[in-house]
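J.: Protein chains in written order, with our numbering: chain A, 2 to 446; chain B, 2 to 446.
Some hints could be false.
One copy or two, it doesn't matter: identical chains are merged, so the pair holds either way.
[As the list claims (entries may be wrong)] Lysine-lysine pairs mimicking DSS-like chemistry, simulated, CA-CA at most 27 Å apart:
| hint | residue 1 | residue 2 |
| --- | --- | --- |
| 1 | Lys286 | Lys25 |
| 2 | Lys25 | Lys381 |
| 3 | Lys31 | Lys443 |
| 4 | Lys3 | Lys255 |
| 5 | Lys85 | Lys139 |
| 6 | Lys91 | Lys3 |
| 7 | Lys381 | Lys255 |
| 8 | Lys30 | Lys227 |
| 9 | Lys3 | Lys139 |
| 10 | Lys207 | Lys381 |
| 11 | Lys381 | Lys139 |
| 12 | Lys31 | Lys85 |
| 13 | Lys139 | Lys31 |
| 14 | Lys286 | Lys162 |
| 15 | Lys443 | Lys214 |
| 16 | Lys59 | Lys222 |
| 17 | Lys255 | Lys30 |
| 18 | Lys30 | Lys139 |
| 19 | Lys31 | Lys142 |
Treat the hints as calculated values from the structure; they're not laboratory data.
There are 2 protein chains.
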Amino acid sequence: MKQADVVIVGGSAAGIEAAITARKQYPSKKVIVIRREERTLVPCGIPYIMGTLGSVEKDILPVAMLGNAELIIDEVTSIDREAKTVTTAKGEIIGYDKLILATGSRPLVPRMPGTDLSNVFTIRKEIEYLEKLQEALKQAKDVVVVGGGFIGAEFADECRKMGLRVTVVELLEHCLYLNCDEDFCIRVEDKMREVGVQVNTTCRVKAIVGDQKLDYVECEKGLHFKADVVILALGVVPNTELASDAGLEIGEQKGILVDQYMITSDPDIFAIGDCAEKFCFFTGKPTAVRLASVASREARIAGANLFQPRRRRNQGTIGVFATMIADTSTGVAGLTERAATNLGFDLVIGEAAAPDRHPGSMPGARELRVKLIFDRSTAKLIGGEACGGVTAGEIANVLAQAIAAGMTANDIALAHVGTHPALTASPLVYQIVNAAEEAIIKLPR
Amino acid sequence: MKQADVVIVGGSAAGIEAAITARKQYPSKKVIVIRREERTLVPCGIPYIMGTLGSVEKDILPVAMLGNAELIIDEVTSIDREAKTVTTAKGEIIGYDKLILATGSRPLVPRMPGTDLSNVFTIRKEIEYLEKLQEALKQAKDVVVVGGGFIGAEFADECRKMGLRVTVVELLEHCLYLNCDEDFCIRVEDKMREVGVQVNTTCRVKAIVGDQKLDYVECEKGLHFKADVVILALGVVPNTELASDAGLEIGEQKGILVDQYMITSDPDIFAIGDCAEKFCFFTGKPTAVRLASVASREARIAGANLFQPRRRRNQGTIGVFATMIADTSTGVAGLTERAATNLGFDLVIGEAAAPDRHPGSMPGARELRVKLIFDRSTAKLIGGEACGGVTAGEIANVLAQAIAAGMTANDIALAHVGTHPALTASPLVYQIVNAAEEAIIKLPR
């Protein structure tokens, strides 16, 4: 029987980061990573395989990142918590002192007719499957993306870059509606339409229709969208079967229940990433934000806590995300106005827009718009959105630090910022600062 | 006699931002801005007039920013603090309740022979003067930039873009040596050399030589550099004559002395921007960081404090700066390793480099290198440097928020960050986080 100090089940973003952290924090400990796949994908890069990168080969997570952790290609089929062992599909039994579950998630498949037709794809993190999808897209003329969240929007944009006629069908009022407020969603939708993507919101899919060959997507209100390929981008389901079979508790958002130290209901078992339950930074309540960046952060917590379980505490998920559709980037940190209102916050909003270079005549200058969401009672920043050029992603990270640090509108109005003509807005109109100033005049004095 | 609630002397970045803030915070108050120039320049844009923008006209600060503050084109020649009036060159007397001095700075002219030769320029914020400089550059073949700080480096890069042969002469060991640590300076110098700029460091200029026509720059150790134009980029001297003539105290860094509320030794007079003394965020001691972004921040403090003088407090200058030479950007926040060591800090350093997009095969991906400087005794971040593509400027702003919030290495290792293939590094190698992880393993447990 093989034995390791740390066994990690799963070797995508969370599993790899946990192995790196474990080796860094506890260099004398033996770490084994067990995953099904010889090679895994950079998860966020998956949409970009289709058009921008052009091949799956360009989106492989380098195995060298694992350093001197041992990698075993196999599938863990059960956990014996008494014996502290895992059993694999190939029949191996491996003993652990500490176990980390990083089993990820799988695509949600909606209950409707036609999802089993050929050329209907979900977004699986599997090399061969994605190669098949890419091949199908190369043969196609019309593609329908069901689900206009950021993964769906990114797939639509990539299919458009491949020269396909693309239709997005979204159930909610807007694309990206779970990530952004309406005005920011509309900017993304406008951009999608500008580059030729057909966008249909408040639109429920009833069935995918075809006879042997895929034909069209049928929606309510009599709408039909011709499709040679359908991509279902409707979110993910955490992979928790291994954990629940072993008797570990599952949370209300369907992830493996963990505490603030990423420890499950078994003190020797951690869970991280898409398979683990998440808690909201602002409310402490379960939330369903599943992102590679969140997974990586949880892995760094679990990896450090393995043998000193109180070393790093998870204060909850702020939720920071960025996307780019055509030439327009959107970055979001924390709560949207809509989400915060639904949670019962009394809000003060500040907005500002200005060129992202200065003077505005600098080549490549783009408008960057920032919206800040403050809790009226504390004046603290609880959310922010940015839309503009390539800096919008790091702008979201500026906002995330301000949120994490509990910065108030006044703190942000006095934020220390550096500026440069080719890199940022002018100091006189730096959007985050000016949005805070706009909020301040609406706050009680 | 004219009378206003607020009189602001100077209408560049600081003066304009003070007027905007005063009008926003105290909408019923009458604000007058008095400045010499009908039109002023975007100060940070000045180097870019030469090559990138191509004309002074593209670098004008829009006067509309002043909103409904009154603008008077005139020069204030004296302050009567008893009568609470200012007198102008045109003989006007204007009464104030609160006075803000935003008189800026002027270029330092070194004491050496030849600085008065024609075609020897400093970097004055004056439209006609800069037009003359640009005209001279258009006629030139060889230009020598004396001073390799970031303004000198930016001018050198712009002259290079105009097709000139450019030589930079810097007294210190490296260009940008007051802003960055050696390794980051060397990256910038390498880039300058790569694009054809001749860089001479540890090189003292003895004289500028010419007989009627400018001929060459003479340095120690027998070095001569041919020059049709010389640009002196050696820093600035605060304009404090008006203040000192009125009996206001001057600080040891030669700025008008102010307290944390931007109030001078006269409780009704504020001073902001380049003319005002600065204090270091880390030590509370006088410092000489003069940047438009710092000026703008001080203006927002003074503007808010005008009639409620304790509304906003200046906790000192962190110093956040960014520059771009050719295609390489550098962003810095807080103390360099060298500066912190000189101030007596015991340091722990963490560094990380990775592509700024992910996977690294994404088009446009560049290496972004980050160095973090932590105070060993508190594990708090006190400085950071970034070098890479266009996001390095906002990366410096992420670092600045972390510094301002007192984030420790562990806080930064657990920073909430958003990532996207086209916009940021991978979550597994996000440079700021990984540099913190590198530092943590060197910190006492």
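J.: Determine which of the earlier numbered hints do not hold for this structure and return their numbers in increasing order.
T.: Result: hints 1, 4, 5, 7, 8, 9, 10, 11, 13, 14, 15, 16, 17, 18 and 19 break, sorted rising.
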